[in-house]
Amino acid sequence: MSIENNNYDNSSDRRQESVKAFLDEVERKLPFWLKDEKDDIKDILDELETHIWDRATELAEGGEPSQEQIEFVIEQMGSPSKIAGEYKRRGKPKFYITEELFPLYQRILVIAAVALTSFNFIGMLFSIGNKSVASLFADFFQGIFISFAIALILITIQFVLLSREGYLPEDFSRFTSRLPITIRRFFETRPKETTTEVNAKSEAYGTISHEPTSTETEVPITTPIVIEKSVKPQIVKETIIVKEPRVAKESPRPERVVKYRRDLGRNYLSEGITGMVFGTVLVILPFLPLFDFMGTSPLRYWIAILGGISLVIGVIRFLQALVGRLLRLQQGLMFLSVFPKAAYIPLWLSLIRPVFEYDGFRQEVLKLINWLVNNVDWWMTYENTILVLQIIVYFIVAINAISILSELIRIAKLEAEGFPIREVEVYR
Amino acid sequence: MLKKVKTFHPEALIGTDHFRNYVEGFESELLRGISTVVVLQIIKRYPRDGIYGYQLLKELEEETKNVLIIEEGTLYPLLRKMEKDGVLSSEKKELSGRPRKYYILTEEGIKLLNHMTGFFAKLLEAMSPLMDYQIKLPEDRFMYCPNCANKIKLDDFAKFCEVCGLYIEEIKA
Numbered sequence: 001m002s003i004e005n006n007n008y009d010n011s012s013d014r015r016q017e018s019v020k021a022f023l024d025e026v027e028r029k030l031p032f033w034l035k036d037e038k039d040d041i042k043d044i045l046d047e048l049e050t051h052i053w054d055r056a057t058e059l060a061e062g063g064e065p066s067q068e069q070i071e072f073v074i075e076q077m078g079s080p081s082k083i084a085g086e087y088k089r090r091g092k093p094k095f096y097i098t099e100e101l102f103p104l105y106q107r108i109l110v111i112a113a114v115a116l117t118s119f120n121f122i123g124m125l126f127s128i129g130n131k132s133v134a135s136l137f138a139d140f141f142q143g144i145f146i147s148f149a150i151a152l153i154l155i156t157i158q159f160v161l162l163s164r165e166g167y168l169p170e171d172f173s174r175f176t177s178r179l180p181i182t183i184r185r186f187f188e189t190r191p192k193e194t195t196t197e198v199n200a201k202s203e204a205y206g207t208i209s210h211e212p213t214s215t216e217t218e219v220p221i222t223t224p225i226v227i228e229k230s231v232k233p234q235i236v237k238e239t240i241i242v243k244e245p246r247v248a249k250e251s252p253r254p255e256r257v258v259k260y261r262r263d264l265g266r267n268y269l270s271e272g273i274t275g276m277v278f279g280t281v282l283v284i285l286p287f288l289p290l291f292d293f294m295g296t297s298p299l300r301y302w303i304a305i306l307g308g309i310s311l312v313i314g315v316i317r318f319l320q321a322l323v324g325r326l327l328r329l330q331q332g333l334m335f336l337s338v339f340p341k342a343a344y345i346p347l348w349l350s351l352i353r354p355v356f357e358y359d360g361f362r363q364e365v366l367k368l369i370n371w372l373v374n375n376v377d378w379w380m381t382y383e384n385t386i387l388v389l390q391i392i393v394y395f396i397v398a399i400n401a402i403s404i405l406s407e408l409i410r411i412a413k414l415e416a417e418g419f420p421i422r423e424v425e426v427y428r
Numbered sequence: 001m002l003k004k005v006k007t008f009h010p011e012a013l014i015g016t017d018h019f020r021n022y023v024e025g026f027e028s029e030l031l032r033g034i035s036t037v038v039v040l041q042i043i044k045r046y047p048r049d050g051i052y053g054y055q056l057l058k059e060l061e062e063e064t065k066n067v068l069i070i071e072e073g074t075l076y077p078l079l080r081k082m083e084k085d086g087v088l089s090s091e092k093k094e095l096s097g098r099p100r101k102y103y104i105l106t107e108e109g110i111k112l113l114n115h116m117t118g119f120f121a122k123l124l125e126a127m128s129p130l131m132d133y134q135i136k137l138p139e140d141r142f143m144y145c146p147n148c149a150n151k152i153k154l155d156d157f158a159k160f161c162e163v164c165g166l167y168i169e170e171i172k173a
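As they're listed, the protein sequences go chains W and F. Quick note on numbering: this note's numbering labels position 290 of the first sequence as 290, and the sequence is numbered without any gaps. Quick note on numbering: this note's numbering labels position 87 of the second sequence as 87, and the sequence is numbered without any gaps.
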């Protein structure tokens, strides 16, 4: 009897294991944006599990399903990749970027274009006097073209990846929740409005006094509120925003439910995108003909190194945004970001003192200050300028040190408390 | 659907991967939209208590005599998407010791379903001259909005199409 029981238990364990392995595989393949929603994931997996047991119990004609029956049902469910892939099927494809993400993509491109043009323009101002007007403008446009082409490729790749994962603009709200409202609005999308040339008539309109001409589309647009208030009948013949009509019957006010959600509390996505674009620009710009005025100055390499570090941090932040609430991976990436941040410190210090026995950057800065004091109407003395520079550098170094410390504290807090909780309003 | 179709002869059209994939791709594209209408139509039958996923699939199999098959695992992403879109609402209940999610059509969902069924019916009707079938729509009981094809009961007092807002009272008369 006990042997039979053991056999039964073993079989039960194996069935459970098969179901669990299938569900684990589905969970692993779910899109990144969904991995942040633990409650939703539990719902999804619970539903699939219940379905498997229901179907298997039916195959067993109401009895205990066998291992083979469980495996048969799992096979019928479809592959975990396909199930998980269905959750990525969000948004309308528009080229390789979804229609929903396209406005954000365009906005970021415009900002990148403005930033790059400004950088190149500043570079051009520094080159005045060193080059002919023709080559000045040629370098200016070449700089814009090359840097924008690179930014375009980088930003497009990021948005194609986000579209493939099924991201929608509203998913970014969890990354931007701690940002000022002005920046948050940047990530928000307004409801799409369509405009149509209309010749509207309402209930109160009565007899039609105006026959539509062949050039007008007759799409009466209704606003029942206008009808109920018996506003003076009027013929509207202009561009009108077409929205779904409101139903005259008042629907019950949605119940406000306060839910507590766990949140990373950081805007990793925008930090990632900004860091990658900014970093790439800094890496490329010093080597464009536009910056020839710097000659063989080591400061070109200093700027490129600064850009390289920003680029690395940007990539890490972008990965953090994609990883979401996978604790260990998130902590690993946070820890990884400490190294490039730490690299900023010697880089900045190298402007005011020799670092690793290299004094090229400091010498170059001293030359630049000397040139400023002697050739430009500079309002400070040589010594004071160096002092101000030192204060700025130490300030930046201190900020970096604090940022590294806070990153380490955040890793420890994640270990101890899990993801921070934020309150969100849900309307049902 | 094609996954249950066997290839009887190696030289049959779907004997080659290329055409089998082509046929499968066509079926899956066509079924994607139709599945939504059919799933909602079944959920509509349970306005009070709702229906859970497995029960829905069973009903779908029975009603369509196993012709319209939704791959079991892909039904749930579809339901979840419709819930997120406000077409469905859900309620969790326990039955036979297992948690189940019962889906119900929302008020907006009912309107959207009317539009979908109307649009689908008008589409079939419009295609019929090209096909070898005939469609007779129940136009003695319903009208189809000339602007958006929404299905509207003739005995409804609505003066406007609920979906596109077209003034329909004159058209109804």
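Errors might be hidden in some of the hints.
[As the list claims (entries may be wrong)] In silico lysine-lysine, BS3-like type, Cα no more than 27 Å apart, as pairs:
(1) K136(F) <-> K153(F)
(2) K84(F) <-> K42(W)
(3) K159(F) <-> K42(W)
Everything labelled a hint here was simulated from the structure, so no lab data went into it. All values reported here derive from a predicted model rather than from experimental measurement.
Now for the hints, and whether the structure bears them out:
About 16 Å separates the Cα atoms of K136(F) and K153(F), which keeps this hinted pair within 27 Å; it holds. For the given pair, K84(F) sits about 16 Å from K42(W) by alpha-carbon distance, which is consistent with the 27 Å threshold. For the given pair, K159(F) sits about 45 Å from K42(W) by alpha-carbon distance, which is inconsistent with the 27 Å threshold.
Comparing the model with each earlier hint shows a violation of hint 3 alone; every other hint is respected.
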